[in-house]
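Now for the letters of each chain:
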Amino acid sequence: MSTKKQGGAGNRLYRALIYVLLGLLAVLILVPVGWVFMASIKENSEFYGNPWTLPNGFYWQNFVDAWNAANMGSYMLNSVLVTALSLILLLLIALPASYCLSRFQFKGRKFLNLCFMAGLFINVNYIVVPIFLMLRDGDVWLKKVFGDGFLLNNLIVVAVVYAATALPFTIYLLSGYFQTLAHDYEEAAYIDGAGYRTTMWKIIFPMAKPSIITVILFNFLSFWNEYIISMTLMSSAKGPKTLPVGLLNLMQAQQSAAQYGIMYAGLVLVMLPTLILYICVQNQLTQGMTMGGLKG
Amino acid sequence: MNKSRGRSAFLFFSVAPAVILFVIFMIVPTLNVFRMSLFEKGAYTPAETFVGLKNFRTLLADTYFIRSMQNTILLIVAVTIITFGFALVFASILTREKIKGQNFFRVVFYIPNILSVVVISGIFSAVYKPENGMLNSIIGMFRDMTDPILWKGEKLVMVSLVIAMVWQAIGYYMVMYMASISSVPESLYESASLDGAGRIAQFFQITIPLVWTNIRTTLTFFIISTINMAFLFVKAMTSGGPNHASEVTLSYMYSQKDAGLYGYSMSIGVVIFLFSFALSALVNKVTEREPLEF
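As they're listed, the protein sequences go chains A and B. Residue 1 is where the first sequence starts when you use my numbering, and the numbers rise one by one after that. Residue 1001 is where the second sequence starts when you use my numbering, and the numbers rise one by one after that.
For reference, chain A alone in the conformation it holds in the complex (with noise of 0.2 Å):
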């Protein structure tokens, strides 16, 4: 209301400077993700010279060969196991959890509290190298007993760490959820003679959803965009990778190669199911984060 009363050609320059300002940034965002899309579509001969030229025409075969000659396609199954895995395993570890220690009371329910709320300080990459470690000693020690380890350049292990080093955060945020509702409800449930587990599967969880569909996002993001992790626990040039990891091999083989064509595709197969998720789901996301209020 108050730029209202001020009023006058001062005011209108500044409203206008705002739109150029914010117009400016959108702008400084949209072009160089918008110019790595027009780029997938181009033909290698097209990459020298002027690099603001429109494309000559869909150059669609950059998708295939990423696809199929440089391995993407399976990059990308692969990433979708791990992240449906890892999404599937924190949620089943995560939510009871958080619902035991934000809701009852019991011995050890403080310092376990302190404990996960001190994680949120750990930062994953902080202790990539002993978790590394850890589990390439595992399998010497598998080698020596078994004859063969399976810790190292395993998709079902890199879920596990990650779900493992998501925990402090996500129950971070259930907890928080889940303090805020009334005893009532599992009162309730117990005069109608439910058990703890039904209770908490059949009455609490549900009611829950906006939060878990929080976690999933924020989640998934993670997840399907980490490379540290991934990199170094299936550093084997045969063993499986991930979407990001394969993508940054393919960005560090293009400089000798020069096959821009394939690798701007590349970038486009990873960037592209995070941008359809957020075309779906941004308010979602932007109004979840604020809940969170923080992330690693």
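Any given hint could be a false lead.
Said to hold, decoys possible - In silico DMTMM-like pairs for lysine to aspartate or glutamate, Cα to Cα no more than 25 Å straight-line: (1) 202/A x 187/A; (2) 1129/B x 65/A; (3) 1129/B x 1147/B; (4) 1152/B x 46/A; (5) 1155/B x 1144/B; (6) 1129/B x 43/A; (7) 209/A x 184/A; (8) 143/A x 1258/B; (9) 143/A x 1048/B; (10) 144/A x 1048/B; (11) 238/A x 1258/B; (12) 1129/B x 187/A; (13) 202/A x 184/A.
To be verified - Rough simulated footprint, nothing fancy, chain B against chain A, three-plus residues with beta-carbon under 8 Å: (14) 48-54; (15) 106-120; (16) 160-172; (17) 210-216; (18) 269-279.
Note that these hints are calculated values from the structure, not bench results. Even for Gly, the Cβ is constructed at its ideal location relative to N, Cα and C.
We have chain A already, so just place chain B on it with the hints.
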């Protein structure tokens, strides 16, 4: 009796899996960082030898390590100030002024945050390419480009990293501050405006003090996450090069692990742990204010 045993069993089976995973993959590795820093252990020397603080003494004389610490601090300071400055100003503009297409801007500004750092580094390698990158081709319209600007060269590589990191972070913090600024009651601004306070005075005397608690919490976490994001960006964009010019502490730790010097690598890990805790404590202390109610 039976009921209480059922309760204990329920609690145990609900909490135990989380605790076990947390201990194996977070607590034990963290303790191992500190333990291994006191040992000499390498890929080619399978046995561990206790060497006390020798790794740390080597660190102090390691110029690459010192360079990496300087770069980390530079990134923390530069990225934090620029991101928070812009995010707060833009957030307050978008919430306070009646802007058309507010939702559009919010959606667009948040996009970089959902992209993988690998994707962002791919995008920025197209931006920074010396011969016909997006940036140089635009600058080339105003300036002779026979000697192209080397954005990833030794001189400018840190500036280029700061730009990429701010680009990535700004939208996230803006959206977060939009939420907290919109909870400040409109009446405060109205009475301030009647008292003759302009927009800038309102920003510094109403907006900033009233969302200070939020700024404070996010600042602490932002600093910790910047240490980590710096690693992700460096690893994907420059691998610490050229000539170690863009090495940050975590990337240097990782490169020592790749070199097979596990004990030494972990002494860097200890430094970064202590550094990040000390820094968050410091920031927490310095930013302490009487909380304002509204």
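Hints versus structure:
no.: 1; hint: 202/A x 187/A; verdict: 14 Å, holds
no.: 2; hint: 1129/B x 65/A; verdict: 23 Å, holds
no.: 3; hint: 1129/B x 1147/B; verdict: 13 Å, holds
no.: 4; hint: 1152/B x 46/A; verdict: 23 Å, holds
no.: 5; hint: 1155/B x 1144/B; verdict: 19 Å, holds
no.: 6; hint: 1129/B x 43/A; verdict: 18 Å, holds
no.: 7; hint: 209/A x 184/A; verdict: 19 Å, holds
no.: 8; hint: 143/A x 1258/B; verdict: 23 Å, holds
no.: 9; hint: 143/A x 1048/B; verdict: 20 Å, holds
no.: 10; hint: 144/A x 1048/B; verdict: 20 Å, holds
no.: 11; hint: 238/A x 1258/B; verdict: 18 Å, holds
no.: 12; hint: 1129/B x 187/A; verdict: 64 Å, violated
no.: 13; hint: 202/A x 184/A; verdict: 15 Å, holds
no.: 14; hint: 48-54; verdict: holds (count 5)
no.: 15; hint: 106-120; verdict: holds (count 5)
no.: 16; hint: 160-172; verdict: holds (count 8)
no.: 17; hint: 210-216; verdict: violated (count 0)
no.: 18; hint: 269-279; verdict: holds (count 6)
Hints 12 and 17, counting from the list given before, are not met by this structure.
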